[in-house]
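Keeping their order, the protein sequence lines are chains A and B.
Every position in the first sequence, counted from 1, becomes a number in this note's numbering once 5 is added.
Take the second sequence: its position 239, counting from 1, is numbered 230 in this note's numbering, and each next residue is one higher.
To be clear, the hints were calculated from the coordinates, so they are not data collected in a lab.
Accuracy of the hints is not assured; some may be wrong.
Simulated restraints on C-beta separations [to be verified]:
1. A:E100 / B:K497: 56 to 64 Å
2. A:D83 / B:P525: 27 to 35 Å
3. A:D83 / B:K21: 52 to 60 Å
4. B:K497 / A:Q95: 47 to 55 Å
5. B:A371 / A:L123: 38 to 46 Å
6. A:A60 / B:N446: 27 to 35 Å
7. B:K13 / A:D83: 42 to 50 Å
8. A:Q95 / B:H362: 52 to 60 Å
9. A:Q95 / B:E17: 53 to 61 Å
10. A:E100 / B:P32: 57 to 65 Å
11. A:A60 / B:R389: 30 to 38 Å
12. A:L123 / B:P525: 54 to 62 Å
C-beta atoms are modelled at their ideal positions from N, C-alpha and C, and glycine is treated no differently.
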Amino acid sequence: MSHRDYSGKIKEISGVNPYKCMKCGKCSATCPSFNEMDIKPHQFVSYVLNGDIEALAESKSLWKCLSCFACVERCPRDVKPGKLIDAARQIVVRERGGDYLSADEIPELLDEELPQQLLVSAFRRYKR
Amino acid sequence: MQRIGVFVCHCGSNIAATVDVKKVVEVVSKEPGVCHAEDYPYMCSEAGQMKILEAVKEKNLSGVVVCSCSPRMHEATFRKAAERAGLNPYMVEIANIREHCSWIHKDMEEATEKAVILARAAIAKVNLNTPLKAGESRVTKRALVIGGGIAGIQTALDIADAGYEVDIVEKTPSIGGRMSQLDKTFPTLDCSACILTPKMVEAAAHEKINIYTYSEVDKVTGFVGDFTVDIRKKARSVNSDKCTGCGVCQEKCPSKKSLNEFNRGLNTRSAIYTPFAQAIPNVPVIDRDACIKFKTGKCGVCEKVCQAGAIDYNQQDEIITEKYGAIVVATGFDTIKLDNYDEYAYNQSKDVITSLELERIMNAAGPTKGHLERLSDGKAPKEMVFIQCVGSRCSDTRGKSYCSKICCMYTAKHAMLIRDKYPDVNVTVFYIDVRTPGKNFDEFYRRAVEEYGVNYVKGQVGKVAPLPNGKLLVQGSDLLDNKQILKEADMVVLATAIEPEASVRKIATMLTASIDTNNFLTEAHPKLRPVESPTAGVFLSGVCQGPKDIPETVAQAGAAAVKAIGLLAKDKLTTNPCTAKPDELLCNGCSQCANVCPYGAITYENKEVNDHGIRETRRVAQVNSALCQGCGACTVTCPSGAMDLQGFSNRQIIAEVDAICR
Chain A
6 MSHRDYSGKI
16 KEISGVNPYK
26 CMKCGKCSAT
36 CPSFNEMDIK
46 PHQFVSYVLN
56 GDIEALAESK
66 SLWKCLSCFA
76 CVERCPRDVK
86 PGKLIDAARQ
96 IVVRERGGDY
106 LSADEIPELL
116 DEELPQQLLV
126 SAFRRYKR
Chain B
-8 MQRIGVFVCH
2 CGSNIAATVD
12 VKKVVEVVSK
22 EPGVCHAEDY
32 PYMCSEAGQM
42 KILEAVKEKN
52 LSGVVVCSCS
62 PRMHEATFRK
72 AAERAGLNPY
82 MVEIANIREH
92 CSWIHKDMEE
102 ATEKAVILAR
112 AAIAKVNLNT
122 PLKAGESRVT
132 KRALVIGGGI
142 AGIQTALDIA
152 DAGYEVDIVE
162 KTPSIGGRMS
172 QLDKTFPTLD
182 CSACILTPKM
192 VEAAAHEKIN
202 IYTYSEVDKV
212 TGFVGDFTVD
222 IRKKARSVNS
232 DKCTGCGVCQ
242 EKCPSKKSLN
252 EFNRGLNTRS
262 AIYTPFAQAI
272 PNVPVIDRDA
282 CIKFKTGKCG
292 VCEKVCQAGA
302 IDYNQQDEII
312 TEKYGAIVVA
322 TGFDTIKLDN
332 YDEYAYNQSK
342 DVITSLELER
352 IMNAAGPTKG
362 HLERLSDGKA
372 PKEMVFIQCV
382 GSRCSDTRGK
392 SYCSKICCMY
402 TAKHAMLIRD
412 KYPDVNVTVF
422 YIDVRTPGKN
432 FDEFYRRAVE
442 EYGVNYVKGQ
452 VGKVAPLPNG
462 KLLVQGSDLL
472 DNKQILKEAD
482 MVVLATAIEP
492 EASVRKIATM
502 LTASIDTNNF
512 LTEAHPKLRP
522 VESPTAGVFL
532 SGVCQGPKDI
542 PETVAQAGAA
552 AVKAIGLLAK
562 DKLTTNPCTA
572 KPDELLCNGC
582 SQCANVCPYG
592 AITYENKEVN
602 DHGIRETRRV
612 AQVNSALCQG
622 CGACTVTCPS
632 GAMDLQGFSN
642 RQIIAEVDAI
652 CR
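I would like the entire structure built from these sequences, with the hints used as guidance.
Given below as structure tokens:
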């Protein structure tokens, strides 16, 4: 698949129209993982628009997003960067294949440091 | 059979690029009744109109069909051309092959077919057209202005200066509107009250202007030139003729806990009150929901202290019925409710305020007497944060999709005034874009940055959180530095979106004036008729039509006044001859048409009719053609098909449908 195709795929999975973005930066303003990310939430939109999916797929940000959806909730333009990140992550996971999570595996993954939200989100995304 | 000429317009390439105009001419020339057909690049041009004149004379035409743009654009043009050729103007029909055809289709074959069908329908109609004659109606030389803010005041002054009587209806106890709540005005920083109050005084003193404050429009009937309006003068509980405006009643009133609307609820007022010192009229009203006398029957302090004996607890609402030729809507705006924006903590902290609240705080007559202080603890702030676009430019369901237009400039003003008066206060403005189109506007904004050291940060704020230490944690983006900023602020000011005053919906419904999805009143044409409503005789002034600042409002107020004056200057108006007409022999007197008529144009009378030689008295419908607006509601309601709209008769419409379905 070419980069353009990935761009389309991300739009399809997320159901988001990145062209609606007015570049206000409220997503990055609201993100609790901002400092952990190499590509910031507001940049996700332009990466998708520019078709630079490879950089997205290799970014740390993909795995630092907590899926808290604060950016989705507060985006004034319904661009929902959180959903874009989610979609990019799904594509990467699907490419790798096989990495699914079953409910039985969750207890051993439990970690005091890990936000509960992340587990719920991971299960929602990686269950069969 | 009519002798019809068909004229197909190219509209440059607007039509001809999509519709094969030659083919249309060829096909329609074979239609029944058509004895002339031609195409021309611009039918609306003088040369194009001459084509109609020549053809009418040469071919002795009795009807004309022009296949062109929307009848809203050029129906009047072509009717006048036909009239010049000696034809009755109502023998002209327009087939809209631009908006309804070429602009919305891409395929030439399909578009051409549709153009032919539309032309065919118009031809079928003209075959049944009959000459109609427009009547006349009178013009009442008096204007009504709804809303007494700067827009309404300016419109009223301009109309009155032209020599016509004007009534202003204002729902609050004083004229002045939003502008009276502002402290300073951009970009010159002159004191708002100092430039507004002379206009208020001028309006109040003008012999041609009559002001109804604490009043609302209750009912509107009639039509352009001849509106009848019921104005509800709400009970003030104070006799305006006796009151001297001394203010003792307000001082002595024991009920002082009502939220002060003028100060945006930031402090309280007495139950008997005038909203502000320069109020016009300077006559207080009693807020009956707050007044102890009205609630418990005991008190009556104001009555006892009033030397003039002006207090009247028994005053009732009064309905005043007046006739007007023109109505100007100038209902203004309010800021949106921020209940949907929890992230800015407006409802959680007293120190998060709207810009309009800041205006009151900065104003010497405001809740803090003009001292910049936190409303929570009265302390002077050291760090202030302004957040732009709160609820504006939001295409989600929480806010407004439009730009409120005034916020960039008033924020620059606030920032500058604060830095000027309190140089030790740091001011940060979070912005998405700074929009300053206007004379001396960008220079003003740049002065805030360059001379007053206001810190502008490009990026929106995501969250404001009240901290245990009483400060506010502002979490925002700095997009240029690609950083997330965490800033402790003492006060946060939200540039809250503006929206039309809530009462405008009710008023628009009464006037049958159209409004858009945001409740802004719609113009008759967005570019060419920006101060007129599509409803004849109704004009628009100020923010009720769209966001605008004071200079723009005043300019539009003047424009609306000129349009109203243009109407009032006429003695008679030609009426639309396309009115309803009952067939007395078919009418069964059921009254259904009278019930649906929105204009009260239908009455019933007992009339002697001759039904195939039988003479008898029947109850039949009568239409007042001066009142009828030709909406057609009665024609579709009539169960016996007795009601017909002249120019749009049932036969004509069926003929059009038949032609389309042929």
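Check the following: the C-beta atoms of E100 (chain A) and P32 (chain B) are separated by a distance inside 57 to 65 Å. holds, 59 Å
Hint check for R389 (chain B) and A60 (chain A) - Cβ pair distance inside 30 to 38 Å: holds, 32 Å
Assuming the hint says 54 to 62 Å, is it satisfied by the Cβ distance from L123 (chain A) to P525 (chain B) or not? holds, 56 Å
Do the beta carbons of K13 (chain B) and D83 (chain A) sit within 42 to 50 Å of each other? holds, 48 Å
Holds or violated: 27 to 35 Å for the Cβ distance of D83 (chain A) and P525 (chain B)? Because 31 Å falls inside the window, the suggested range holds.
Status of the given 56 to 64 Å range, CB of K497 (chain B) versus CB of E100 (chain A): holds, 59 Å
47 to 55 Å as the expected CB spacing between Q95 (chain A) and K497 (chain B), which holds or is violated: Since the Cβ atoms of K497 (chain B) and Q95 (chain A) sit about 50 Å apart, the hinted range of 47 to 55 Å holds.
Measuring from beta carbon to beta carbon, are Q95 (chain A) and H362 (chain B) in 52 to 60 Å? Cβ of Q95 (chain A) to Cβ of H362 (chain B): about 56 Å, so the range 52 to 60 Å holds.
Hint says 27 to 35 Å; check whether the CB-CB distance for A60 (chain A) and N446 (chain B) agrees. holds, 32 Å
Is 53 to 61 Å respected by the C-beta to C-beta distance linking Q95 (chain A) and E17 (chain B)? holds, 59 Å
Please check whether A371 (chain B) and L123 (chain A) have a Cβ separation lying inside 38 to 46 Å. holds, 44 Å
D83 (chain A) versus K21 (chain B) beta-carbon gap, inside 52 to 60 Å or not: 54 Å Cβ-Cβ, so the 52 to 60 Å window holds.
When each numbered hint is compared with the structure, no violation occurs for any of them.
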